[in-house]
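2 protein chains.
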Amino acid sequence: MPSERAMKTGSACPPPPGPGKLRLYSMRFCPYAQRTRLFLAAKGIQFETINVNLKDKPDWFLEKAPLGKVPVLEKDGKIVYESLVCNEYLDGIYPDKCVTPSDPLEKARQSMVLALWDAKVIGFYYKLMTGKEDERPALGKQFLDGLQFIEKALTQPFFSGNKAGALDYNLWPWFERLCMLKPIGVELSVDKFPQLTAWMERMLQLPEVKTCYFSPEAHAQFGKSWMAGSPDYDIGLEE
Amino acid sequence: MPSERAMKTGSACPPPPGPGKLRLYSMRFCPYAQRTRLFLAAKGIQFETINVNLKDKPDWFLEKAPLGKVPVLEKDGKIVYESLVCNEYLDGIYPDKCVTPSDPLEKARQSMVLALWDAKVIGFYYKLMTGKEDERPALGKQFLDGLQFIEKALTQPFFSGNKAGALDYNLWPWFERLCMLKPIGVELSVDKFPQLTAWMERMLQLPEVKTCYFSPEAHAQFGKSWMAGSPDYDIGLEE
Chain A
24 MPSERAMKTG SACPPPPGPG KLRLYSMRFC PYAQRTRLFL AAKGIQFETI NVNLKDKPDW
84 FLEKAPLGKV PVLEKDGKIV YESLVCNEYL DGIYPDKCVT PSDPLEKARQ SMVLALWDAK
144 VIGFYYKLMT GKEDERPALG KQFLDGLQFI EKALTQPFFS GNKAGALDYN LWPWFERLCM
204 LKPIGVELSV DKFPQLTAWM ERMLQLPEVK TCYFSPEAHA QFGKSWMAGS PDYDIGLEE
Chain B
24 MPSERAMKTG SACPPPPGPG KLRLYSMRFC PYAQRTRLFL AAKGIQFETI NVNLKDKPDW
84 FLEKAPLGKV PVLEKDGKIV YESLVCNEYL DGIYPDKCVT PSDPLEKARQ SMVLALWDAK
144 VIGFYYKLMT GKEDERPALG KQFLDGLQFI EKALTQPFFS GNKAGALDYN LWPWFERLCM
204 LKPIGVELSV DKFPQLTAWM ERMLQLPEVK TCYFSPEAHA QFGKSWMAGS PDYDIGLEE
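Taken in order, these protein sequences are the chains called A and B.
If you count the first sequence from 1, you need to add 23 to reach the numbering used here.
If you count the second sequence from 1, you need to add 23 to reach the numbering used here.
Bear in mind the hints are in silico, worked out from the structure with no lab data behind them.
Please note that a few of the clues may not be correct.
Heads up, the list lumps identical chains together, so a pair's fine if it works in one copy or across two of them.
DMTMM-like mimics (lysine to aspartate or glutamate), calculated; alpha carbons at most 20 Å apart, straight line [stated by the list, open to error]:
hint, residue 1, residue 2
1, K98, D126
2, K80, E27
3, K130, D114
4, K164, E210
5, K31, D257
6, K130, D119
7, K101, E129
8, K130, E111
9, K164, E174
10, K175, E86
11, K175, D214
12, K87, D168
13, K87, E129
14, K87, E174
15, K143, E86
16, K98, D114
17, K247, E199
18, K101, D126
Since the model is a prediction, treat every value here as computed from it, not as a measurement.
Model the full structure from these sequences, guided by the hints.
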């Protein structure tokens, strides 16, 4: 297992993973990479991780993944990137404990919730993190209004039914990070978000969520370094 | 078959399609809706169309599809929106002549090309259409640089192999509209884009492409009305 420390510009390209071995290129605090880490944990897949410095990206990383983002999977000389693409690919090549729905309508329903998430929620999340103080009340309202679409989509214990599945894992990373919006006055109240707040409690109990979890303090520490323009990818790791 | 004229704010909600019948909500010149029209044509699926005025959207349309965009499918009380979601859903419920790949790696490859398309090409297409004249040379270069990723992804007669498939249909609508960039000096040369220019010739021969086709003149006329802020959705239709 290589070091967890993020590899940056100038680093030597790591040798390819051995035959049949799966490798994940990740960044420890990236919510998109966490989507894939959750899939891997839920399915019990063995893999190795190489963390990448997304501010000073190694050339070899950009050659593998021209979008320059994580997650990226590598196996037997094949590269797959984009979180949702990686996750469906994992269910395709490791069909045990498949978490992607096979029913066409249920699959479409989950994809439509993610489309609402992208269009109505996620942009405001990042604007809240980086926006000016006087813009925050309006952005906070837009963010919470958007989240009502997600609240309404949750009609069972989990987004995927009675058990957590693809949609739960693909949404969770930003809910784990909601704590970062609390200091700026944005949080989910039980009365306005009864389904989502109860779901968050249920998610926190799942072994796969615990495996991929960072504490509010770690997220806050990373967020602070990121907003200051010098993200500390190696928080909590030994030298 | 209802009129092809676009329905707008204040129109009465059309009664639902009959049992087992498929309906497409569309806009005649929308490239995203064309993706789904191409799937429907390639698969030979019977459907009815309701065109929607996307500037003055009917309330009943926004209730069905909260993102307010086309394509939208309706069948037996179920609604599906977002072009890629609609298309995979169609292959799921009408498995005859399936054009979505079943191999996980090939499916991932096609999705990655679409991710490159979204990140490296499509934004510049719209900026070129709406941007200022002095920005066009830089935007044109970025657009053509991005298209090189797509050129490199085309290593067989079609993006999907020896026959047109999902990726071909999901990319084609913007290639049909490339003619709109010609007057502002942006076009694909055979020497820089030998694969894409040959592919365009092949695509134009396909019956499904012909079925969903509008001429350069019609695209130009619609584009002009759209950029002037009063899109003419009903070009060429009788009163």
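To see whether the hints hold, each was checked on the structure:
Taking the shortest alpha-carbon separations for K98 and D126, only the inter-copy value of 15 Å comes in at or below 20 Å, while the best intra-copy value is 28 Å. Proximity of K80 to E27 under the C-alpha cut-off of 20 Å is restricted to the intra-copy arrangement: shortest distance 16 Å within a copy versus 51 Å between copies. With identical chains, the CA atoms of K130 and D114 are at most 20 Å apart both within one copy (13 Å) and between copies (12 Å). In the homo-oligomer, the alpha carbons of K164 and E210 lie at most 20 Å apart inside one protomer (11 Å), although the nearest pairing across protomers, at 44 Å, exceeds that limit.
Taking the shortest alpha-carbon separations for K31 and D257, only the intra-copy value of 12 Å comes in at or below 20 Å, while the best inter-copy value is 54 Å. Taking the closest pair of Cα atoms, K130 and D119 come within 20 Å of each other both inside a single copy (18 Å) and across two copies (19 Å). With identical chains, the CA atoms of K101 and E129 are at most 20 Å apart between copies only, with a shortest distance of 11 Å across copies and 29 Å within one. When the C-alpha separation of K130 and E111 is checked against a cutoff of 20 Å, the pair qualifies both within a copy, at 11 Å, and between copies, at 9 Å.
Only within a single protomer do K164 and E174 lie at most 20 Å apart by alpha-carbon distance; the minimum there is 15 Å, versus 43 Å between protomers. Proximity of K175 and E86 under a CA criterion of 20 Å is satisfied inter-copy only: 14 Å between copies versus 41 Å inside one chain copy. Proximity of K175 to D214 under the C-alpha cut-off of 20 Å is restricted to the intra-copy arrangement: shortest distance 14 Å within a copy versus 53 Å between copies. In this homomeric assembly, K87 and D168 come within 20 Å of each other (Cα to Cα) only across copies, at 18 Å, whereas the closest approach inside a single copy is 38 Å.
In this homomeric assembly, K87 and E129 come within 20 Å of each other (Cα to Cα) only across copies, at 17 Å, whereas the closest approach inside a single copy is 33 Å. Proximity of K87 to E174 under the C-alpha cut-off of 20 Å is restricted to the inter-copy arrangement: shortest distance 18 Å between copies versus 38 Å within a copy. For the homomeric pair K143 and E86, the shortest alpha-carbon distance between copies (15 Å) is at most 20 Å, but the shortest distance inside one copy (33 Å) is not. With identical chains, the CA atoms of K98 and D114 are at most 20 Å apart within one copy only, with a shortest distance of 14 Å there and 28 Å across copies.
In the homo-oligomer, the alpha carbons of K247 and E199 lie at most 20 Å apart inside one protomer (16 Å), although the nearest pairing across protomers, at 47 Å, exceeds that limit. In this assembly of identical chains, K101 and D126 lie within 20 Å of each other by CA distance solely across copies; the values are 14 Å between and 28 Å within a copy.
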